[in-house]
Amino acid sequence: MGALTFELRNAPDQRLDLAPLTPTRLEGLKAKEIEALAIGTTRVNLTVGDAFTVKGKDAAELRFVGTDGRCDKIGAGLTEGAIVVEGDAGAYLGAGMKKGKIEVNGNAGVLAGASMAGGTIAISGNAGERAGGINVGETLGMKGGVLTIGGNAGSLLGERMRRGLVVVAGDAGDYAGGRMVAGTILFKRGVGPNAGYGLRRGSLIFVDEPKDLPPTFGDCGVLEFDYLRLLEHWLRANGKPINLGARARRLMGDMAVLGKGEMLILA
Amino acid sequence: MADLKIKGVTIIETFAEAFPMVGTRVIITAPSLEWALIAARTMTGFATSVIACGAEAGIERTLSPKETLDGRPGVAVLLFTMDTDKLQRQLRNRVGQCVLTSPGSACFAGLDGEKKLKLGASLRFFGDGWQMSKLVGGRRFWRIPVMDGEFLCEATTGLTKKAVGGGNLLVLGKSHAAVLAASERAVKAIADIEGAITPFPGGIVRSGSKVGSKYKGQIASTNDAYCPTLKAAVDTALPLDVEAVLEIVIDGLTKESVAKAMHAGLHAIAEGGAKEGVTHITAGNYGGNLGPHHFHLKEIVAWAR
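Those sequence lines, one after another, are chains A and B. If you use the working numbering, the first sequence corresponds to residues 1 to 267, in order. If you use the working numbering, the second sequence corresponds to residues 268 to 572, in order.
No lab work stands behind these hints, which were simulated from the structure alone. Glycine included, C-beta positions come from ideal geometry on N, C-alpha and C. Treat the hints with care, as some may be off.
Said to hold, decoys possible - Each computed DSSO-like pair below joins lysine-lysine, with the alpha-carbon atoms no more than 27 Å apart:
hint, chain 1, residue 1, chain 2, residue 2
1, A, K99, B, K382
2, A, K240, B, K385
3, B, K383, A, K99
4, B, K477, B, K522
5, B, K385, A, K260
6, A, K188, B, K333
7, A, K98, B, K382
8, A, K32, A, K57
9, A, K98, B, K383
Stated by the list, open to error - Per the computed footprint, the stretches of chain B lying under chain A, defined by three or more beta-carbons under 8 Å from a beta-carbon of chain A, are:
hint, segment
10, 334–343
11, 399–405
12, 410–418
Starting from the given sequences, assemble the full structure and let the hints guide the process.
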């Protein structure tokens with residue numbers, strides 16, 4: 001039988017907490033047991049069986065079909081396996097995940113990939129604010145892995161990120177890479193105001209020059225970076241073909257804080 | 268017993284005695300193959316024998332831009348020593364002095380393996396605090412600011428403890444020119460073998476040594492049994508008409524790579540036949556009690572892997 005599939009019957013009248021639906025926790029459970037799992041977030045009890053039609057058996061790969069923006073915590077804390085979401089995802093998509101793969105063929109809510117430590121998340125649509133940012137109760141944002149956003153990203157993308165790679169194909173909101181500790185964000189289009197605010201270390205790579213650059217970044221001029229060749233090569237090898245070239249204008253900052261971060265604006 | 272002959276060249280029934288070594292591979296890239304080769308040649312210079320060089324090293328092969336991590340031309344370098352600590356020190360010093368310094372260079376790991384040697388992880392300190400670490404696909408790289416931009420260097424490279432050093436072939440012939448030409452062919456043939464290098468000048472050594480000496484403190488001295496000028500005075504291994512002997516020494520990441528290289532080298536030497544002037548192919552050993560790896564020429568001739 002195919003992937004264990006959860007098809008949303010109709011729009012739920014409360015937000016759903018789908019954190020229990022991960023390959024690790026569903027492995028070996030019978031269909032009845034899965035349907036009995038509680039996923040409600042209000043005083044009205046709600047089980048998997050109430051909201052979803054469950055099909056398939058293979059718990060190593062989960063499919064969510066027809067989900068909407070109220071389906072929270074899909075793949076949160078994921079440690080293995082793959083999750084495909086055919087629909088939108090709510091808040092906390094893959095938040096705190098350590099390993100595995102999440103693919104969303106729609107939009108994701110706030111805090112997608114927040115404080116994730118490893119694995120990959122690919123969102124084909126937009127991501128809400130604080131994607132790759134700080135999960136509730138954490139002090140750091142994304143700590144590893146790869147987060148790709150096919151559409152636009154909300155504000156505070158990769159806030160206080162520590163490690164890992166974020167790729168945004170669309171526009172990013174304000175304070176992108178804010179207070180970043182380290183890591184890499186690749187912006188294929190524009191960013192809002194205050195990108196790199198409080199950047200300590202880490203790289204913000206821009207295909208297009210941002211409209212307004214913070215005054216606390218210092219210019220190093222246009223230079224050649226073998227690192228960009230390395231990154232381009234890796235992106236190509238991993239199904240994310242892009243032309244970075246090797247030349248970029250390097251801005252160092254944020255000089256208001258540690259100042260060892262950089263913006264690489266492709267030349 | 269009839270001697271084994273290939274095209275009239277006698278293959279002496281003996282064996283090459285080789286030793287366990289630790290080895291590693293690094294990939295050097297540069298703006299052009301020429302500059303990658305300059306960095307690689309500099310790094311592998313003065314690395315013929317562990318006796319006094321501290322390491323044995325050589326260029327394994329060149330790499331096309333498609334084969335390297337940064338899409339630039341590159342060179343694969345092999346480095347061998349007798350133990351891990353020495354290998355670490357040699358790697359740091361050689362990459363630090365010869366690759367870091369070379370215009371436009373970058374240096375990457377060339378070997379997997381659970382055990383790692385520090386590469387950029389120790390060279391990063393040259394960056395004096397301005398170095399940046401980048402994780403790409405789970406591998407850590409250091410970007411060290413230098414005067415022509417950045418030296419990109421992977422944090423670690425793997426090491427193998429299964430490396431083998433001292434595989435060898437001795438070429439005997441009636442003229443220096445013939446022996447040299449045959450040896451050059453062997454070095455060329457071995458250059459194509461993955462995981463093997465010939466660390467001596469041009470891959471060839473003319474001063475084969477024996478263990479010990481009549482002088483105190485001299486741990487190795489000339490292999491008089493193979494010196495053509497001493498035929499009358501010592502227990503010589505040479506027929507009267509042999510004018511010169513040259514040796515090809517081979518180090519490899521595995522026993523198999525050394526055997527394969529010896530096979531390729533042996534056949535390349537014999538290719539010219541006896542009419543070229545090469546009379547014998549033999550190998551050096553210490554009686555078989557010192558090194559655990561014995562490459563019998565009889566088996567090497569027929570090696571098929």
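Status of each hint after checking the structure:
Annotation: proposed proximity of K99 (chain A) to K382 (chain B) holds, straight-line Cα distance about 24 Å (limit 27 Å). Between K240 (chain A) and K385 (chain B) the CA atoms are separated by roughly 30 Å; this puts the pair beyond 27 Å, and the hint is violated. Taking the CA atoms of K383 (chain B) and K99 (chain A), the gap is near 24 Å; set against the 27 Å cutoff, the hint holds. Note on K477 (chain B) and K522 (chain B): the hinted pairing holds, with a Cα-Cα distance of about 23 Å set against a maximum of 27 Å.
Using a Cα cut-off of 27 Å, the hinted pair K385 (chain B) and K260 (chain A) holds, with the two alpha carbons roughly 24 Å apart. Between K188 (chain A) and K333 (chain B) the CA atoms are separated by roughly 25 Å; this keeps the pair inside 27 Å, and the hint holds. With a CA separation close to 25 Å, the supplied pair K98 (chain A) and K382 (chain B) stays within the 27 Å bound. A hinted pair counts as satisfied when its Cα atoms are at most 27 Å apart, and K32 (chain A) with K57 (chain A) qualifies at roughly 12 Å.
Of the supplied pair hints, the one linking K98 (chain A) and K383 (chain B) holds, its CA atoms being roughly 24 Å apart against a limit of 27 Å. Chain A is given as covering the segment 334–343 of chain B, and this holds because 4 residues of the stretch bring a CB closer than 8 Å to a CB of that chain, at least three being needed. Evaluation of the coverage hint for the segment 399–405 of chain B: fulfilled, as 6 residues show C-beta separations to chain A shorter than 8 Å, against a requirement of three. Counting residues of the segment 410–418 of chain B whose beta carbon lies closer than 8 Å to any beta carbon of chain A gives 3, which reaches the threshold of three, so the coverage claim holds.
Taken one by one, the earlier hints fail for this structure only at number 2.
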